[in-house]
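J.: 1 is the number of the first residue of the sequence shown in the UniProt record's numbering; add one for each residue after it.
It is possible that part of the hints are untrue.
[What the hints assert, rightly or not] In silico DSS-like pairs for lysine-lysine, Cα to Cα no more than 30 Å straight-line:
{"no.": "1", "residue 1": "LYS46", "residue 2": "LYS121"}
{"no.": "2", "residue 1": "LYS100", "residue 2": "LYS121"}
{"no.": "3", "residue 1": "LYS51", "residue 2": "LYS128"}
{"no.": "4", "residue 1": "LYS128", "residue 2": "LYS100"}
{"no.": "5", "residue 1": "LYS51", "residue 2": "LYS100"}
{"no.": "6", "residue 1": "LYS109", "residue 2": "LYS128"}
{"no.": "7", "residue 1": "LYS109", "residue 2": "LYS121"}
{"no.": "8", "residue 1": "LYS109", "residue 2": "LYS46"}
{"no.": "9", "residue 1": "LYS51", "residue 2": "LYS41"}
{"no.": "10", "residue 1": "LYS128", "residue 2": "LYS41"}
No lab work stands behind these hints: they were computed from the structure.
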Amino acid sequence: MTRRVTIQTPLGEQLQFRRLQGREDLSQLFALDVDLLSESKSIDPKALLGKHATIVVETEGGGRRYLDGIVTRFGLQGEDHRYYSYRLRLNPWLWLATRKSDFRVFQNKTVPDIIEEVLGKYGHPLQKRLTRAYRSWDYCVQYDETDCAFVSRLMEHEGIYYYHQHGAGQHTLTLADDIVASHSPLPGAAVIPFYPPEKAAVADKENIHAWELHQSI
């Protein structure tokens, strides 16, 4: 079972995908480290930093799955035969909101309204999949907090969480408050089979091969 994986960047064919390692969680800033190969040893980081890059994964049935982010780090790793190895990091656009602190007062606004006002200036897609009505706050203060820390605090207080929907060339920050109503199945992967480890290695389709159930305090 082979899947073709490519990367789309502002540099086109200059960079070829090699390897991806990362993690994405609900209400967390994802971080994807991507190893790349190029015939050039002098790629200018400025051509990529702050720009979108998208990992494209071919799925069963000829579909595609996207993993998009903002390039927040880029550097040369070394030489590999006739190629040069680079590594970049992809973070969500919400990561940009960790770089700026502010002092502000909001009056007579709901938390979703405050979030839209704070994050709207970043100019990236934001979607609300909220099922509940939210109270209006008489007085709400952002006091020397980053924009990300501030909106995260408000969401935690009101029981809102967020996740990212990935597409070609962009990703959308999605606010949600219902784990069932606020999500749609991944196209082509609404049901994923489970194979034990001894069978997973020879399986002819994508599968789950490990499952762990635990509780903690």
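J.: Are there hints from earlier that the structure breaks, and if so, what are their numbers?
T.: 8, 10
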